[in-house]
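> Each chain, written out:
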Amino acid sequence: MERRGRLEIMRDILKIVQNNHKIKPTPLLRQSNISSSRFKEYFNEILNKKFIKEIKGNRDEKLIILTENGEKFLEKYKIIINFIEEFEL
Amino acid sequence: MPYKEITRGAGKRMMEEILIGTLSVEILYSFIIVICSLMIFFGTKELYKLSGHKGIKYFRLAFLYFAIAYFFRSFIKIIIVCFGMDGFRSFGFLFGAASSFLFMYFSIMAIFYLLYSVLYKKLKRDYIKVFHVGLLVLTFVVIGFGNNIKLILLANILLLLFIVYIVYLAYMQSKKKKSLNLYIVYFLLSIFWMLNIIDILIPDFLRAFQLLIYLMSLGVFLVILYKVLTRAGVN
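If you read the sequences in order, they're chains A and B.
Read in the working numbering, the first sequence has 85 at position 85, and its numbers run on one by one without any break.
Read in the working numbering, the second sequence has 18 at position 18, and its numbers run on one by one without any break.
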């Protein structure tokens, strides 16, 4: 199986968040299918880019939701990939 | 012959018309290239902001540097058209050496950034700082030697050969050989950049082909702009 690139992993994590609407960090890590150290790295990146945000649930648990920037990234993902491929960047 | 040397009679009127025509062509040419380059830079802003992709960053910077380089080029050309090559040299540090320095530095760095956007993945280290420092030193040396035309030409020919070699290597190592068009476009861009430098250094050398070179150079920029705007989804 081919190793996923950085943007593809970010897309996959955001897709999981989008499909679940709200998700706890542990199931997100499990569904992302990457090691916890790599997950931490990507999680921090998408958090810093404000693609996702952390909120408190009813039982005070930490939940992850998708932001407007995250929606935009998913929307533009294909365009970004096509652009990178076209110009071999 | 520069405009300032013709001072009398019908010759002066004719020279005035030629001067206006030449200046219009120069300004229009640089203006279109600066606009194309800035459109590429700003048209890819969102893609970079969202992805943080290094290749997109270098690609954008290449066109920002092209825009700055062509701005200084038009500045130098206007002075040369009006006052001649000697007039340009006697303009003092601010307009003479400084504008030559900026034009050379930004134009070569633009080409480097374009190559780097394709090649950075194959390199183990980040060489951008090395390029900047090396080029600053090279440009200082060349301009410090009193804008020696032969030295500038030699430096640029060596750079062009290096670029052709790198583009060829990148093409041969490219995973999808179908992207030959991209390499042809980058190759042409480097050739026209070289011709633009020759045009600045030896204004009479390419006079007969100047308009053709300008049109072809514009064509290359417009092709890249079209590709960028359609691929980046910019209206």
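Source of the hints: derived by calculation from the structure; they are not laboratory data.
Predicted model only: the values in this text are computed from it and were never measured.
Some hints here could point you the wrong way.
A partial selection of chain B residues facing chain A, derived with a Cβ cut-off under 7 angstroms [claimed, not checked]:
| id | residue |
| --- | --- |
| 1 | L50 |
| 2 | A97 |
| 3 | S99 |
| 4 | L115 |
| 5 | S117 |
| 6 | G144 |
| 7 | G233 |
Backbone N, C-alpha and C define an ideal beta-carbon position, used for all residues, glycine too.
> A separate judgement is required for each hint: does it hold in the structure or not?
So, going through the hints one by one against the coordinates:
1. L50: This interface hint holds because 5 angstroms falls under the 7 angstroms limit.
2. A97: For B:A97, the interface hint is violated, since the closest Cβ of chain A sits about 35 angstroms away, which is over 7 angstroms.
3. S99: 31 angstroms, violated
4. L115: 11 angstroms, violated
5. S117: 5 angstroms, holds
6. G144: 36 angstroms, violated
7. G233: 5 angstroms, holds
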